[in-house]
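Input sequences plus hints: build the corresponding full structure.
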Amino acid sequence: MKNLASGAESPGEGDGRMKYEPTMNLVRKAQRGDNLASEALFGRYSDRVLEIVRIRLRAQGRLRRKEQSLDLMQQSLLEALKGLDSFEMHDESSLIRWLSRVVERVLLNRLDYYEADKRNMDREVSIEPVGHSASEETRPFDPEAREPGPGSELRSEEHRAIVRECLASLPERYREVILMRDYEDVPWPEVVERLAASSEGAARMLHLRAIEKLGEALKRRGITGPVSSTS
Amino acid sequence: MKPNMGPRPEDSDPGELEGLVEECLQRLVEDGELDLEPYRQRVPAARWPWFEGRVRSAEYRWRRAQGEDVRADAFLDRLGEGARNAFLEALAASRLGAAFLPLRIVPGTLIRGRYLILNPLGEGGQASVFAAWDRELQVEVALKFLLGGDENAGGEWEAIVRGESQLLARLKSRNIVRVYDVVREGERSFLVMDLVPGLDLKKALQELRAGGKVGRDRVRALMDLVGRRPQGEHQLCLDARSWPRTAARIAVVIARTIALVHDKNVVHRDLKPANVMIVAGGEPVLLDFGLGSRSGGRVEGFRCTPGYIAPEQAREASSGTNPQTDVYQIGLILYELLTLRQVYPVPPDATVDTIIRQAARAAVVPPRSLEPDLPPELEAICLKALAPEKDSRYSNAAELATDLERFARGLPPRGVAIPRLRSLRMRARYAALHPAGLTAALAMMALASSPLVFGKDEWEAPVAVPLLTQANLGTENDRILVPGESLEVGDRALLAIDVVCPDPAYLYAFSLYGSGGYEGLYLKPVAPEFLPFSEEHPTQSIPEPLRLEAGRHRVACASLKSPARLEGLMLLFSQQPSTLLGEWRTTLSRRIDELDPLRYPEALELARSLAENPRKGDSPSSLSPEERRAFSRIVSDSAPELLLTIDGMLRIDWVFPVTRQAVELR
Numbered sequence: 001m002k003n004l005a006s007g008a009e010s011p012g013e014g015d016g017r018m019k020y021e022p023t024m025n026l027v028r029k030a031q032r033g034d035n036l037a038s039e040a041l042f043g044r045y046s047d048r049v050l051e052i053v054r055i056r057l058r059a060q061g062r063l064r065r066k067e068q069s070l071d072l073m074q075q076s077l078l079e080a081l082k083g084l085d086s087f088e089m090h091d092e093s094s095l096i097r098w099l100s101r102v103v104e105r106v107l108l109n110r111l112d113y114y115e116a117d118k119r120n121m122d123r124e125v126s127i128e129p130v131g132h133s134a135s136e137e138t139r140p141f142d143p144e145a146r147e148p149g150p151g152s153e154l155r156s157e158e159h160r161a162i163v164r165e166c167l168a169s170l171p172e173r174y175r176e177v178i179l180m181r182d183y184e185d186v187p188w189p190e191v192v193e194r195l196a197a198s199s200e201g202a203a204r205m206l207h208l209r210a211i212e213k214l215g216e217a218l219k220r221r222g223i224t225g226p227v228s229s230t231s
Numbered sequence: 001m002k003p004n005m006g007p008r009p010e011d012s013d014p015g016e017l018e019g020l021v022e023e024c025l026q027r028l029v030e031d032g033e034l035d036l037e038p039y040r041q042r043v044p045a046a047r048w049p050w051f052e053g054r055v056r057s058a059e060y061r062w063r064r065a066q067g068e069d070v071r072a073d074a075f076l077d078r079l080g081e082g083a084r085n086a087f088l089e090a091l092a093a094s095r096l097g098a099a100f101l102p103l104r105i106v107p108g109t110l111i112r113g114r115y116l117i118l119n120p121l122g123e124g125g126q127a128s129v130f131a132a133w134d135r136e137l138q139v140e141v142a143l144k145f146l147l148g149g150d151e152n153a154g155g156e157w158e159a160i161v162r163g164e165s166q167l168l169a170r171l172k173s174r175n176i177v178r179v180y181d182v183v184r185e186g187e188r189s190f191l192v193m194d195l196v197p198g199l200d201l202k203k204a205l206q207e208l209r210a211g212g213k214v215g216r217d218r219v220r221a222l223m224d225l226v227g228r229r230p231q232g233e234h235q236l237c238l239d240a241r242s243w244p245r246t247a248a249r250i251a252v253v254i255a256r257t258i259a260l261v262h263d264k265n266v267v268h269r270d271l272k273p274a275n276v277m278i279v280a281g282g283e284p285v286l287l288d289f290g291l292g293s294r295s296g297g298r299v300e301g302f303r304c305t306p307g308y309i310a311p312e313q314a315r316e317a318s319s320g321t322n323p324q325t326d327v328y329q330i331g332l333i334l335y336e337l338l339t340l341r342q343v344y345p346v347p348p349d350a351t352v353d354t355i356i357r358q359a360a361r362a363a364v365v366p367p368r369s370l371e372p373d374l375p376p377e378l379e380a381i382c383l384k385a386l387a388p389e390k391d392s393r394y395s396n397a398a399e400l401a402t403d404l405e406r407f408a409r410g411l412p413p414r415g416v417a418i419p420r421l422r423s424l425r426m427r428a429r430y431a432a433l434h435p436a437g438l439t440a441a442l443a444m445m446a447l448a449s450s451p452l453v454f455g456k457d458e459w460e461a462p463v464a465v466p467l468l469t470q471a472n473l474g475t476e477n478d479r480i481l482v483p484g485e486s487l488e489v490g491d492r493a494l495l496a497i498d499v500v501c502p503d504p505a506y507l508y509a510f511s512l513y514g515s516g517g518y519e520g521l522y523l524k525p526v527a528p529e530f531l532p533f534s535e536e537h538p539t540q541s542i543p544e545p546l547r548l549e550a551g552r553h554r555v556a557c558a559s560l561k562s563p564a565r566l567e568g569l570m571l572l573f574s575q576q577p578s579t580l581l582g583e584w585r586t587t588l589s590r591r592i593d594e595l596d597p598l599r600y601p602e603a604l605e606l607a608r609s610l611a612e613n614p615r616k617g618d619s620p621s622s623l624s625p626e627e628r629r630a631f632s633r634i635v636s637d638s639a640p641e642l643l644l645t646i647d648g649m650l651r652i653d654w655v656f657p658v659t660r661q662a663v664e665l666r
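Chains B and H supply the protein sequences, listed in that same order. To convert, note that position 18 of the first sequence is 18 in the working numbering; the numbers rise steadily by one, no gaps. To convert, note that position 485 of the second sequence is 485 in the working numbering; the numbers rise steadily by one, no gaps.
No wet-lab data here; the hints were simulated from the structure. Even glycine gets a Cβ: it sits at the ideal position worked out from N, Cα and C. Among the clues, some could well be false.
No more than 16 Å apart at the CA atoms, straight line, and that leaves these computed lysine to aspartate or glutamate pairs for EDC-like [unchecked claim]:
hint : chain 1 : residue 1 : chain 2 : residue 2
1    : B       : Lys219    : H       : Glu89
2    : B       : Lys19     : H       : Glu140
3    : B       : Lys29     : B       : Glu51
4    : B       : Lys19     : H       : Asp503
5    : H       : Lys384    : H       : Glu399
6    : H       : Lys172    : H       : Glu233
Calculated from the model, a selection of chain H residues having no Cβ within reach of chain B, i.e. all distances over 10 Å [to be verified]:
hint : residue
7    : Gln66
8    : Gln231
9    : Asp239
10   : Leu383
11   : Lys524
This is the structure we're talking about:
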């Protein structure tokens with residue numbers, strides 16, 4: 001058994017120990033400069049945060065080449081995690097929101113830069129960004145395949161891409177309410193405020209209509225149910 | 001706008017009507033009530049059903065989201081057919097959309113300062129399970145949340161969670177996941193359950209299918225997937241001898257567990273491989289106890305999993321409350337275990353209608369047409385469980401379990417008919433293996449006059465059958481104890497065994513203890529009139545086999561442990577002296593960590609010591625005296641299992657009458 005009660009901070013046992021750390025603690029440690037804590041946060045949230053950023057950028061028509069841009073997005077997330085100092089933790093979802101905003105901003109700046117430079121987007125985006133930790137360092141926390149087999153992983157990645165496109169195609173208010181509720185886990189009162197809705201009931205109505213529209217969009221794309229792995 | 005193109009929404013420009021739907025719903029949100037009449041003039045008559053259905057569907061979901069206890073069927077009852085379709089279409093779309101959204105539970109969240117959410121473990125129809133770290137008890141647990149979020153905010157949800165937790169708390173079995181707590185926090189409630197380490201049967205079957213192994217190799221493949229050593233209170237279900245036996249033993253445990261559930265007047269109704277966790281050693285643990293199956297008022301009418309629907313569920317479109325439905329579903333699982341194929345494969349594009357029709361037809365491809373090597377009695381048991389009419393099935397899970405157990409033990413099943421000769425042979429073979437029925441066995445053998453071979457599933461070349469005539473228990477004062485007499489004298493039993501061998505044979509003897517242990521006995525041939533003696537037991541852990549010529553012999557031996565715990569003898573006869581035991585020592589020293597620590601308590605310690613100093617394994621002399629003794633004990637304890645794998649080895653157990661178990665031989 002790992003000794004989880006001990007507060008030992010030797011890097012060797014970092015992974016196992018960090019696994020059982022609440023996000024709140026990880027953020028505090030990361031703010032004190034603990035790299036292992038940052039890595040653990042990256043591992044825990046990169047999937048969700050990058051998905052949110054992809055959906056938003058896609059809706060703005062800014063992100064076309066998802067393959068090449070993954071590296072860039074991960075770099076942006078690492079950068080965001082380095083700037084955790086300015087973040088004040090309320091709960092886990094507030095971290096996701098904060099991270100997705102920062103990553104989005106960082107990415108948009110870079111894309112602006114590349115586009116302003118009128119260079120080929122293809123080449124630029126696949127180049128390792130200069131002045132940041134080499135990609136070697138990011139590889140260990142690459143979101144590893146969580147699905148059991150390569151087949152189902154592929155299927156679910158395809159599905160995710162379709163969901164992303166469908167969400168991007170929704171009217172902005174629908175997309176935002178889904179992003180806030182389902183991806184960022186924003187509490188209702190804040191959703192009401194951010195959407196300038198008349199009441200919580202109105203926000204809930206907007207949300208359920210948005211999900212209905214998403215379902216219709218998925219159906220139009222030929223998707224009728226969640227990933228089924230029956231052989 | 002296109003004129004009268006029919007009530008289908010996709011046929012007309014939805015823009016204007018959608019705007020009207022939005023307007024209506026806004027009014028509903030503001031007033032809390034909705035009168036649709038004023039909108040009649042503004043909607044073309046042909047589009048009215050679509051409009052009404054859409055609006056009412058949103059209203060239904062919105063009211064549920066607000067926590068109101070509204071029922072979909074109450075809404076549907078007030079709608080005409082067209083509107084009803086539109087209502088259901090919108091509902092289906094919203095379910096589809098929701099199914100693709102991430103779970104609103106963020107890893108890293110600390111709930112109640114105690115449960116730290118780690119990673120998702122799997123998703124069911126309505127619930128979602130996460131691994132979590134219990135900071136108070138310092139263990140990983142499973143948290144089961146109900147999905148559907150806002151739509152499930154009503155009180156019904158609470159009732160379901162409470163219902164399942166109370167049910168599970170009442171069912172105490174190591175084969176049913178344990179529930180520790182029901183926690184409600186904010187919008188969520190969840191169950192805190194044991195985190196069952198293992199692989200769910202659905203995934204296990206997928207892996208086995210992909211692996212393409214058959215027979216014993218398939219058992220080994222499953223061993224590799226889940227681990228061979230049972231942990232904690234779990235028992236071994238993997239039977240290295242054959243896959244059908246392994247499958248039967250897994251199904252036995254499921255059936256026994258369901259029988260326990262039936263005793264509490266509960267019917268599961270949604271048994272399927274995904275709900276069965278296979279833990280190390282192969283034992284199944286049932287996970288999902290019909291969350292939601294008791295929640296009334298669902299639009300679907302009943303809740304089942306495609307591919308695992310009993311015919312009566314399909315025909316009556318209800319979940320049913322019959323134990324035979326569970327029997328059927330256990331049959332489906334058994335079938336899939338035996339053939340690695342689903343009885344009703346569900347193609348990805350299957351509609352609800354096709355699935356239901358397929359289940360109602362209940363046409364089952366006989367397992368032996370897929371796997372010709374399956375024992376016919378096992379096929380018969382499986383097909384009886386899968387009878388289309390529930391009255392033709394086993395009437396409850398306990399009966400099914402009994403027949404599967406009989407199969408696993410080599411006895412003919414009771415619930416199904418098999419050829420008489422086969423049944424006789426099974427009985428004869430069983431009796432020979434279980435000497436409480438020895439006399440019966442001899443009678444049977446005479447009747448069936450069939451030669452017996454051991455260590456294989458089928459009967460092949462003839463082999464001599466030594467006949468054990470008598471085993472006497474004695475004490476040092478030369479008095480022969482009658483069977484059943486208490487053995488309180490001295491600290492070990494002295495035994496005289498009379499054996500009749502039709503052919504020359506090598507004999508090993510092991511004493512059987514009530515605790516399940518064995519011990520190798522040092523055998524000494526003695527004159528027929530010789531009575532047990534007092535002699536030091538040699539220290540070697542597996543005595544050499546004793547060579548016996550054809551004819552009658554008396555063999556003497558002494559047990560090491562207290563005679564009070566001695567329950568019987570196991571005698572192993574072979575035609576060749578086995579060289580396997582020598583190799584066994586070497587093999588064991590390398591694979592000691594694979595032994596079941598429950599059975600071989602010293603194995604763990606020894607494995608650790610060998611791992612620290614690998615050279616020890618190569619030369620036994622470098623072991624400490626204590627380790628050497630432990631190793632010898634393990635070699636000796638495991639020897640019978642090894643010996644039984646030798647082809648043509650005959651095993652005779654002689655259980656002393658005082659502890660004889662009732663043996664089913666009807």
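- Just pull the numbers of the violated hints for me, sorted ascending. Result: hints 3, 4, 7 break, sorted rising.
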